[in-house]
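Below are the chains, spelled out letter by letter.
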Amino acid sequence: MSTTRDDRGSAPNVGYRQIGRPLTRTDAPGKVTGRTLYAGDYSMPGMLHVKIVRADLASARLVRIDVSRARALAGVECILTGADLPDRTAATDIPGQTGRKRLNTDQQILVKERIRYFGEPLALIAAQSRDIAEQAAELVEFDLEPLPGVYDPEEALKPGAPLVSGSGDNVVAEYRIRKGDVDAGFGAADVVVERTYRTPFQEHAFLEPEVGLAWIDENEVVNIRVSTQVIEHFRTIAEAIGVPHNKVRILGALVGGGFGGKEDMTVEIYLALLAQRTRRPVRLEYSREDSFVGHGKRHPFKLTYRTGVTRDGRITALRISAIADSGAYVFLSPYVLLYCAVASPGPYRIDNLDFHGRAVATNNMYTSAFRGFGGMQACAAYEQQMDEVAKVIGMDRIEFRRRNFLRTGESISTGFVPPSAIWTEECVDRAWAALGEPTRVAYPLKIGRGVAAYLQSYGRLTFLHDTSEAWVGVEMDGTVVVRSGVTDIGAGQASALGQIAAEVLGVTLDNVVIYNSDSAVTPLAGTTTATRALYMTGNAAKLAAEAVRKRLAAGAAQELGVAADQVDFGDNRVFVVHEPARSMAMIDLVRACAARGIHRSELAIFRAPFSDPLDPQTGQGQAHPDYVFGAQAVEVAVDVETGEVTVLRSVAAHDVGQCVNRAAVEGQIEGGTQNGQGFALSEEMLYHEGRLLTPSFSEYLMPTSMDMPKVQSIILESRSGVGPFGAKGIGEPALTPVAPAIANAVADAIGVRVFELPMTPERVVRAIQEMERQI
Amino acid sequence: MVQEKQVTLSVNGRSRTGRFPAHRTLLEALRELGHTEVKCGCEKGDCGACAVLVDGKAVDSCLTLVWTAEGRAITTVVGLGNAQSPHPLQKAFAESGAAQCGYCIPGMVIAAKSLLDRNPDPGEEDVRIALSGNLCRCTGYTKIFEAVSTAAAALREEGGVR
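One line per chain: the protein sequences are S and U, in this order.
Just so you know, we're using the working numbering here: the first sequence kicks off at 1 and counts up by one.
Just so you know, we're using the working numbering here: the second sequence kicks off at 776 and counts up by one.
Bear in mind the hints are in silico, worked out from the structure with no lab data behind them.
Be careful, since some hints might not be right.
[To be verified] Derived CB-CB ranges, DEER-like:
#	chain 1	residue 1	chain 2	residue 2	range
1	U	S860	S	E559	33 to 43 Å
2	U	R847	S	P45	29 to 39 Å
3	S	R349	U	P895	50 to 60 Å
Glycine included, every Cβ here is placed at the ideal spot set by N, Cα and C.
Build out the structure end to end from the sequences listed, making use of the hints.
The following block contains the structure:
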């Protein structure tokens, strides 16, 4: 792929019929008319309702639990406690086909004795109605003996700190990246700048709380209809409840928001256990408070950056220390830390790099996947650091970045050269220019502007040997069916597969139906996580559709009396290239092919690049298939009296490789901007000794319609990605640069940096007061 | 024993009857009656996913007890239109990509309908205020604002309220 300067950001005419257009997604009509059934909208005859009894201390020993009064309540059908599950544990699986040994993450399903976080489940109650289940929960008696807990990862690292898992130390993962000679690099520096940045917990806050319905069918298969990003947890569930893998079936549904929060299992194991015990359908829907205390959060990070730089703005060395709060259980912490490590220097050429990161267990809520997955926390630090360094050496912020940007063909932190174009500079310039003239304001408002660039992976870690499958077939009337296990969490993952099949087979999108997210009947496609769905499953769908097209083209060539390479497909017809009048309708072609016994479907598998793990000493090697590059620019107004920050303009510029659905890409960018803005300014999970003090939307404040500017998206298409048609991915990248852009804008406005997110009015005012005291 | 009573509701122009205890919310009752298009997001009136029109005004059905809704005209998003004959709001939400995960959309469309019934030509600030009780986590609201404006224009062109 040529990436000469002239064609950057422009769109060569490639003549797609479906790809790149802002088509109405296949899932949209059902959603806007209320006809879409989500997992919580299903019910079954004789269905029981489940309530979870949770611990109300974060570090304690379960001394006694007595469910006899609850069990005696009329309408209570089953109660399970840890004592009923002596041998049962659940792991954080690495769904997929890797054969790699999974992380040492097995954990209790219900508390046996030791409580490690506030809200850890003590008992499951299944009753004839939700009212009865809730009444029964009130009747469960338990005594907890408080134990010393640890709620700060730095405290947890000190000798003598309480051990969360009970043995060893509290370090659950540790990574290093060593590249070049950092000491020599600092020796060559004119200036060394060291700063520490803190990022907070974040709640996914999908609007649809966790929910599922399980039943055992006539084949003794445990069926679970559940809101999930990962139907392939069926293996872990089977192992946890002691049945073969082929006796658990996960049926997804359109998911009411995921953002990584439905990547780990949520209600599945509880439902499977209760369905096994009761032999009846069981339904569990989390309350919003359950959701707040019942699933893993974004990892808080403390990131210290020490940058060596010359007076002319060349970075000579970078030393990074990262500490992540893993909370009470491991979950995906090692991977989140690894993503942070790989992304830690950002989209810059850093020849001398030393990263040392640890994920540390505490008795806080456990932390796991969240859109951005360690990469966004790194960006929050490296992009604030770039502004801090520029300020110290007295250089324009963008010029300083420009002197250090990675360019296409250069290697990232792990020594890996991304196969695609690196258009960071174009994205920064375009986003910054789009801010236009500064807004005029009067005291007490002050205007500030900020920009942040990033790199973010798409596709899973390559040492996991990721694969994805899709099936494409043509029905006898010329309509098209796509089958793939991919879950659709709201970004249009399923519709995109339809667009790809439609493009290849020359039909319109309304002639395509997509069946997805059923572990029994749709080919396994892997997870909808890691910005991988379009890349992996899109490629699989394209391979499948191309195989079908090739066979149909051979049939069409015979029908039309030309060579197969003279045949093209479009608008539900097949025709001779340069002679479109010589054509036949798809329906006639398919019938003719069927009469000759031509195979009209294909099951395809796409394999990501497979690599070895990174070198454990140096962190060098390939971590991901490829990376996305882009930037966010914002303008804010800060009220210097109240500390309130208003985002006036927000412009995102991303090289997405190739849009499949332009409206969906814009939607990801706009929504990612919102999530990042909340992370930067208002979303704060307050904990006291592990107890969440903000378990509702009236206390945990996400941006509302009053808070969001209209987001401007600048979409660049290098067509250089490793996804279908040169696509990259946008799910996570859309969020990554938002918070540091806002942080840089706030610092620009008030002349001092708030080193801890979120930049609440209190923190902003405190920073201003601190600065004024020092003057 | 929990006291129950028979309640007859008018939902999307049809009479629906059920037996409900005094503490049953309109949200729970509607869902029990099969109106799964009314979504449960928080049960505290924080998110707006459960919004329905009661006598033409958008209310959070999770904060409304079903006993108090007897005899009042309730409209859910299903009552506005369907895939074959969508309401201009539904058409605009679909075509502008305003629905991502879609879970907030039934409440969002109802809040927008309530606005356009009062104010057929709302400015951007009017739209923002009208939707401020409806949380969305996917879209950043940008395309939702566009959809409401598009629908408002379409309705004005039609010259009438639907």
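Verification of the supplied hints:
1. S860/U to E559/S: 33 to 43 Å: 40 Å, holds
2. R847/U to P45/S: 29 to 39 Å: Given a distance of about 31 Å, which is inside 29 to 39 Å, the answer is holds.
3. R349/S to P895/U: 50 to 60 Å: With a Cβ separation near 56 Å, R349/S and P895/U satisfy 50 to 60 Å, so the hint holds.
Checked against the numbered hints given earlier, the structure satisfies every one of them.
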